[in-house]
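Engineer: Protein chains in written order, with my numbering: chain L, 1 to 307; chain Z, 1 to 307; chain F, 1 to 307; chain E, 1 to 307.
Accuracy of the hints is not assured; some may be wrong.
The list treats identical chains as one, so a pair stands whether inside a single copy or across any two.
Said to hold, decoys possible - In silico DSBU-like cross-links for lysine-lysine, where the CA-CA straight-line distance does not exceed 35 Å:
1. 293 / 165
2. 293 / 222
3. 222 / 24
4. 165 / 280
5. 141 / 24
6. 141 / 293
7. 165 / 264
8. 24 / 280
9. 293 / 24
10. 24 / 165
11. 264 / 141
12. 264 / 239
13. 222 / 264
Quick caveat, the hints were computed from the structure, so don't treat them as lab data.
Since the structure is predicted, the reported quantities are computational estimates derived from the model, not experimental observations.
Protein chains: 4
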Amino acid sequence: MTVSDQPERVQAATLRPVAPGMEKHLDVYYPILDHGFIAVKDYMGDDGSVLSMARMSYGRGTKTVSDDRALLRYLMRHMHTSPFEGCVIKLHVKLPIFVMRQWVRHRTASLNEYSARYSMMPDEFYMPDAQHLAVQSTDNKQGRGATLSAEQADAVRALLEQDAKHAFASYHRLLNQDEDGTEIEPDTVGLARELARIGLPLSTYTQMYWQTNLHNLLHFLKLRADRHSQWEIRVYAEKILELLADWVPLTAEAFTDYQHQSAKLSRMDLELVRAMLAGKATIDDADQYGLSKREARELAETLGLMG
Amino acid sequence: MTVSDQPERVQAATLRPVAPGMEKHLDVYYPILDHGFIAVKDYMGDDGSVLSMARMSYGRGTKTVSDDRALLRYLMRHMHTSPFEGCVIKLHVKLPIFVMRQWVRHRTASLNEYSARYSMMPDEFYMPDAQHLAVQSTDNKQGRGATLSAEQADAVRALLEQDAKHAFASYHRLLNQDEDGTEIEPDTVGLARELARIGLPLSTYTQMYWQTNLHNLLHFLKLRADRHSQWEIRVYAEKILELLADWVPLTAEAFTDYQHQSAKLSRMDLELVRAMLAGKATIDDADQYGLSKREARELAETLGLMG
Amino acid sequence: MTVSDQPERVQAATLRPVAPGMEKHLDVYYPILDHGFIAVKDYMGDDGSVLSMARMSYGRGTKTVSDDRALLRYLMRHMHTSPFEGCVIKLHVKLPIFVMRQWVRHRTASLNEYSARYSMMPDEFYMPDAQHLAVQSTDNKQGRGATLSAEQADAVRALLEQDAKHAFASYHRLLNQDEDGTEIEPDTVGLARELARIGLPLSTYTQMYWQTNLHNLLHFLKLRADRHSQWEIRVYAEKILELLADWVPLTAEAFTDYQHQSAKLSRMDLELVRAMLAGKATIDDADQYGLSKREARELAETLGLMG
Amino acid sequence: MTVSDQPERVQAATLRPVAPGMEKHLDVYYPILDHGFIAVKDYMGDDGSVLSMARMSYGRGTKTVSDDRALLRYLMRHMHTSPFEGCVIKLHVKLPIFVMRQWVRHRTASLNEYSARYSMMPDEFYMPDAQHLAVQSTDNKQGRGATLSAEQADAVRALLEQDAKHAFASYHRLLNQDEDGTEIEPDTVGLARELARIGLPLSTYTQMYWQTNLHNLLHFLKLRADRHSQWEIRVYAEKILELLADWVPLTAEAFTDYQHQSAKLSRMDLELVRAMLAGKATIDDADQYGLSKREARELAETLGLMG
């Protein structure tokens, strides 16, 4: 399904809560990576929905909390998560299969994926830009280190492209169908789609409708908009963060302040920080407080004590 | 929170799918039982949303299925449940606590309940009508049998009412607050709300926002609109069934035909039915096919062979 | 079902991981509150199971992590939660209904509760000790403040007890059955159990089998062993914390250090702490950094700066 | 991780329920497909655990149900699913990525997968046997039809094998590491693992620990041991069905009778069958009862009326 297959949207009247900042994004297909996209297909609720849900719980007791922003920040800060479940977002996402495989690990969501058993996969695969090709990180066993030289990047891209094109050519030979669905060899049968696709690369683009509530979306964003997540999924998460700010601005702000840019300090971290504030220790005493070298380094970073 | 505390709804324009049959129900508080209600607070999607989600999966492969109703019935019949997750409903429900305790067993939903730690419980409790008071069923260990005599029903109602009123009077004495929140005894402290409420009866009304997707809603309805469920929760489920028909009419029809009024036949049932159709057996041979007496009786009922 | 109805356990050989510290707790019924209990009915896995699951993911890459404790602490610290899902615990819990109603809010668990539609509820209800009777807290709208005077506590207990006994007497009259199941009035029918129970108080004891995995258990403990949770559920959580230390000692230690006794610092908290460590601010400058009064007070507490 | 890396199991005593039929499978690696396997790593509970959970719910009310088998079949037949959640199984599974992608759609399970960001993927990919290579089905848009000719199968296998080998050769060139982890070109950096893997085919083997409770396992088996599921996942499901029969024999039997070999009849199917049994209709009248052609054909099959 291409973007142009989408039915035209028409404006209609509703009595439901409307988030004006989100309306403008409906059915706008934002390009991500070389062939991917994110589009908002539907949403339910806004900041006010979070507040209504919370206020129903508190009953008369909330009369004292007059300020919407203060209440919303209170909920985020104290991890009163259920009111955030009252908002829902449905996205149409096109993404490489290796990114999809990370995405589906978030189980508290609904999803429907394009079926490669039912339909032919389009000839689209992810080709990293040269600037995103990097060597294996040495200190982070699951990350990237320095960017490749231009020359080496060219060689990598050439190899990836040639192999992916080759795999798609084989796919069509196996199906005996070209990209338009036209038979290639007359009087020859094609292999079943569910088998022919097994040789396609993990860079092949797939697509899905993905729907989750705001609470679970924030959890997804916390993990996937983090600098430790693979860059190719992070760009999707960062786009969603932008949409979030237009959809539920109070929630987005509170999320930034109390979750996304927060830090968790362990029992040992706290003891050390208390001692530091009392002038009884410095970050160099970290091992005496039970912090590992890595923990000490990360705490120093959190506290702005790096060099 | 009483109904009149609800903010006034205003109509606004949206590009989202709108279900006209559901718009008219928004914020309409339908009375259930003596003090309960159900109101639709928000919804997402319509029959078309189910179809879009399915069609995205099937890609070009769905071109042959031109008919919306046929596709939707196909999905329901073959238990292709994920497209139904693309619709969501949010209800405001007021219900007795013993009904709430059955309701929360459905875990795949979001809910926020009125907090009896945070706020005082209003003096409202469920009093069954005489016609719904029945003796313990003898054949169904968890159900009701014959209705009580008018005289006995009056006695039961008098006892239930007197005890509930008594419990609420004690509640206010413990809190040292009357129903309006006014102090009863000056210069006397009140017991914490989280403790004072422990003497309230299970018939006390509570309320919640409850939100679930269409797939999980249908599962809830299959179990709770069933004649084996307790009557006091069934009346809520039956009201939701009515709302369903206005919200997603194609889904509601398919649900009736393929789920709600379907029957599951066991391996043994099927063997017996095959033999019956071949003229080699009658329902009286059920035990030879491995059916218990109860299974035979239920199969006879399913097949319209009772008396 | 009383404890004595439990089948006798016999020791048998298994090739599964065995947690010696947990074996001694199997089927030991630990009393909680006045009539409640917690008993471990079954468990799966131990600290080693968490580590095996993690090591399978990392493949050859984990060869460098030789130390079990270090790896386990790394997982806890970095919220690599899925390996903790590989351990499971099944508890038999007897608890007042108002506690049960808080407990079931944790949806990612399996539970089976005693059915008051199917069977008669035993005459057992929770009576708080005088020392746990307290006034409504003034600064925490959902908590307790000062303990009641002995005199007032006696009055509260007398009222609660009398009302609960009265409710159970009515229950038996409605059922026309005494506590042993003997008919009270001959030639009189009893009300269905599912109706007769609606007058019982929220303090009535129920029981359940409750099963969850270690990841979800830790989340439950973080919320329910917290000082903001109601005391009557906290005593259950604290007992489970004790069992945890015997079952999975490395996990329990890491949970204490990185979760239970950790603190989350918001973006604003962090900026203030950085300034304090650089000697550019004190806790009294909190409002300039965007902290509310409450946030400033709580941060001071976290940092050991109170008085 | 290869099978030989597994720690040796030792027998130990436990007071937990032991399923003797399952003990013999622990850590036995059953080969599936050409390079895959299934092994039971741990389990919790047995048929007796299901029964205990159910009996706790029913309280004294179950005294009349003396027979274990009858109670278990009653639970299965009436979809009383929660007692089945009391048993848990943990499997180690090695499987092609395209099978994994179907498997993870079952969200109510815990899983940990081998990380291709953290570790190098072994050179193993799935090559279908000639007998499993089939043309696209014409009547089932997501299935296979007739088996390929020997000659065509040879051509398909040659193409798949050559392409997969080529992709793995490129993978090693990109990583600058051979299969043993030895550097290929000295003084040359390797591409990060998370990038190098994107060219690997969907037939590449991965592995996971997968854990689910018995209720969710039965749901998995109902869908994946079905003849409409792709053959390559069905062989895993069929192996699990065998393990099930040894682990929980009563449950496995009841599952076969009431779920796996049951059939659901729609409202229209039932009306037609009633008429047929009353001698008022035949299967040829199906359209008058509202059945589509496909529904009529499938009902005829269910009722043993095909030719």
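Engineer: Each hint should be assessed against the structure and marked as holding or not.
Structural biologist: Tested hints:
no.: 1; hint: 293 / 165; result: neither (47 Å within a copy, 43 Å between copies)
no.: 2; hint: 293 / 222; result: both (25 Å within a copy, 27 Å between copies)
no.: 3; hint: 222 / 24; result: within (25 Å within a copy, 38 Å between copies)
no.: 4; hint: 165 / 280; result: neither (64 Å within a copy, 60 Å between copies)
no.: 5; hint: 141 / 24; result: neither (41 Å within a copy, 38 Å between copies)
no.: 6; hint: 141 / 293; result: within (17 Å within a copy, 43 Å between copies)
no.: 7; hint: 165 / 264; result: neither (46 Å within a copy, 46 Å between copies)
no.: 8; hint: 24 / 280; result: neither (55 Å within a copy, 44 Å between copies)
no.: 9; hint: 293 / 24; result: neither (49 Å within a copy, 38 Å between copies)
no.: 10; hint: 24 / 165; result: neither (37 Å within a copy, 48 Å between copies)
no.: 11; hint: 264 / 141; result: both (23 Å within a copy, 27 Å between copies)
no.: 12; hint: 264 / 239; result: both (25 Å within a copy, 26 Å between copies)
no.: 13; hint: 222 / 264; result: both (13 Å within a copy, 14 Å between copies)
The structure fails hints 1, 4, 5, 7, 8, 9 and 10 (numbered hints given earlier, in ascending order).
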